[in-house]
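S.K.: The lines below spell out each chain.
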Amino acid sequence: MNDRPRSEESTPAFPGIASRAAATDAEGRIPAANWDELIDSGYLRLFHPAEAGGSGADADAQFDAMEALARACSGTYWSATVSALLCGSLIATYGSLRDHEQLLRPLLSGERTACFGIVEPTAGSDASTYRTTVRPSGRPGGGYVIRGEKSRITNAPTADLSVTLARRDKGPGDNGPDWCLAFVNLRQPGVQRYETPHMGLRAMPWGGLVLSDAYVPEADVVPVPFQALSDGMTWGWLLVSIAAIATAEAALTASVRHAQARVSFGRALAHMEGVQAQLADSRAQLDAARVLARRALRERASGSPARQLIGMLKVYATELAVEITQRAVQIHGAFGVTQGHEVERHYRDAQMNVIGAFASNRLREQLAEGLGLGPAVYQPFDWLAPTGLRHHPVSLDGGTRAVQAVA
Amino acid sequence: MVLAQPELRTDPEAATGLGAGPLERSRELAGRLAWPTTAERDRDRSWDPALFAELARAEPGPSLAGPLVPASLGGGGSTAAEGLALLEGLAEGSRDPGLALAVAVHAVLATVPLRAHGTPRQRERYLPRMASGEWFGALSLRQTHGGAVAPAVTARPAPAGQGGWLLTGRLDLVAGAPVAHHFLVVAAHQGGGRTTFLVDRATPGLLVTEGGPAAMHTCPWGHLLLDGAHVDDGSVLGTVEGAAAEVEPLLAVLDWVYCSAPWLGVMRALARDALEAARGRELFGRPLTHDQATRFALADLATQVELAEGLLRRTASRLDDGGALPLQDAAAARLFVADAADRVTRAAAGLTGPLAGTGDGLAERAHRDALFLSRTGGGAQVLRPVVAASMLGLG
Ligand SMILES: Cc1cc2nc3c(=O)[nH]c(=O)nc-3n(C[C@H](O)[C@H](O)[C@H](O)COP(=O)(O)OP(=O)(O)OC[C@H]3O[C@@H](n4cnc5c(N)ncnc54)[C@H](O)[C@@H]3O)c2cc1C
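Just so you know, the sequences run in chain order F and Y.
Everything in the first sequence is counted per the numbering used here, starting at 12 for the first residue and increasing by one.
Everything in the second sequence is counted per the numbering used here, starting at 846 for the first residue and increasing by one.
Honestly, the hints are just simulated from the structure, not real lab data.
Restraint ranges, calculated between C-beta atoms of paired labels, are given here:
hint, chain 1, residue 1, chain 2, residue 2, range
1, F, 401, Y, 866, 51 to 59 Å
2, F, 405, Y, 1129, 17 to 25 Å
3, Y, 992, F, 30, 44 to 52 Å
4, F, 349, Y, 1121, 47 to 55 Å
5, Y, 1121, F, 209, 41 to 49 Å
6, F, 122, Y, 1226, 55 to 63 Å
7, F, 209, Y, 1240, 37 to 45 Å
8, F, 241, Y, 993, 47 to 55 Å
9, Y, 1129, F, 34, 52 to 60 Å
10, F, 203, Y, 1240, 58 to 66 Å
A few chain Y positions that, by computed beta-carbon distances, are all more than 12 Å from chain F:
hint, residue
11, 917
12, 997
13, 1004
14, 1051
15, 1195
These numbers were taken from a predicted model, which means no experiment stands behind them.
Heads up, the beta-carbon is just placed ideally off N, CA and C, and yes, glycines get one too.
Just need the whole structure built from these sequences, with the hints factored in.
M.R.: This is the structure we're talking about:
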């Protein structure tokens, strides 16, 4: 078992994608050559068994490949992995091979891509604000239509298919779940999309879908209890955690290289204890994150939702990557804040992972619940005033001056 | 209120049953034998030989005195990973970092160098008696990070005819000194080379005095004063002037991994206490468990425990692989565990600490002793350069 990343000396995976990473980021588009390389490498097939058109790699091989791709180009990794791993798993888990093989196979062959539309323009963390709804089409052939807006969705501007979370417009006597996943063909009238410019992961297509009664065949609407969905989402948390680990590793590798090359006060930075401390702390923390990530992926791949473990990993690894890329910027001095420099890109990319697929603090709430502290309780914040801690005290001389509330 | 140890007390079957692993067994044993007197021993700075003897001979199951001694020499024949688990369980059950440190020093740091570098004669003389708990082995924690601290003991050849070596110097921070039968001592030669010696307590010229640091009170501490103490050639462990390549790096790895091990158990105990404490309290007329700062702190605390556990266990299991020992990985693991212990102790103490005035005092002990953990094994000033050197190809 290798808990360290592939060594610098071993042939880097995805060499073409890696060599184009800076240009890909600058242009904000994944070039066709990247998709060709992904398809040739077999990456998109790793996560699924042979009967679904995959190659059924084991968890460690999946981990190695994910980290290698994310190191090569994090934007490309996000786009490819959301489609093949996350959307592919959602289709395989909540759909059925019989009905949905024709949706899954093209994602694994790379002919098509998918997005996972959950979040809407309202508060992303709060599912109760989502309004997108599926209702019977009323057309002679049956089926459904979907209406609503999904926003900040990876691959939305380019995807062929959206695995879409929606409410079900339930008719009388329908006791099924309130929610469903709708597998929506995005190449049809009734679908508009937009791009949202973003800070990091610039190559990753990101934006919104406006669904105006887009058609969905009956078999492609799968009623799902909301709770059951959250198990599928842990694939998303894992995917993001590995992106964070890879970005941190890339930033750390760049830092080591720079520390060896840059001379200051007559010696390479590498000889400075202050720089060494930053590198060593990063190494230890990243090792710990990677050990946890491998364990989490093994558990998830063996069928356990591993919610708590993956939740811990997501919070720790994504925040750690922000810290490590920040240290990398510091070690690089002005190079680190120069547009086009590798480390500047990693710094921007790292921030995205903290928010994407459940922002950290929202996830901490869930972890607390998993520890047995009960679900989060939200009340209007009105408990301070009765304690007297919203009032300025009267002067030291006392007196009868009217008590004033703090502005 | 004395904090209950629910897992330790209510499930004796899981603890003693055949299915229980080394961690569960030693946790149960320590909870039963050691924990009832932990607070008292800590207050009195006392070592209880009867308790150690009981831990050493506990049957069936964990051999706490000699898990890493081969079975053919009377030891537990455990793997490195199992040895780690035993120490985790010992600390978790006893809630006593000092006792666990004393056991780690005897059963691992003083033992494994003999197993690895001892002559057949040395192994046969020492290891069975160490494994049974009859002989306690000790060493100075200043000598577990190579020669980073200038050696305080010198060796010079004994006068012709007498043979052997004369050792002179003073060592403090000797864990186990007051109760030890023998000591591992690294001494410097005039030319700068260093040799490891096995020094029996009865050696003429060796004076053992009591006294130790302001932490880890339940570990028996002392100083060694060597005043031309004469040791014969048979007491050299490894090769003469070979310590830097043999015993020193081994001791460093052992300290970084095995003196950290108890903290996995201590952190789990602290996390459990913190969770309990949060459940029982109210603030602003609301249960504290509704407070997000509290919830987030507990989530982060649980995460640190999980991370530290994974990293340290991975490192220990690599010691079982048989190849060269991963020095920089062990250093990184210690760096991480010491930091985690500090974070977890502070977060847990925020909920269970001095204001609570209840419990068995683990939060207070852990505060004091986590600081000890972070300053020993060389502390960050040694660990970071060791890790960085391997990254930078320097050193
Ligand atoms: C790179 C990236 C890719 C994304 N891809 C997708 C995608 O493919 N599909 C998709 O559906 N969405 C996607 N998103 C959207 C993402 O899921 C949301 O941004 C995220 O869930 C947070 O929602 P929000 O941005 O509306 O923030 P809000 O929900 O408004 O939260 C703002 C802040 O408040 C905190 N907060 C919110 N609720 C709580 C709480 N209960 N307790 C404590 N703190 C809380 C959050 O932690 C956060 O810091 C992506 C986002 C990013 C950045």
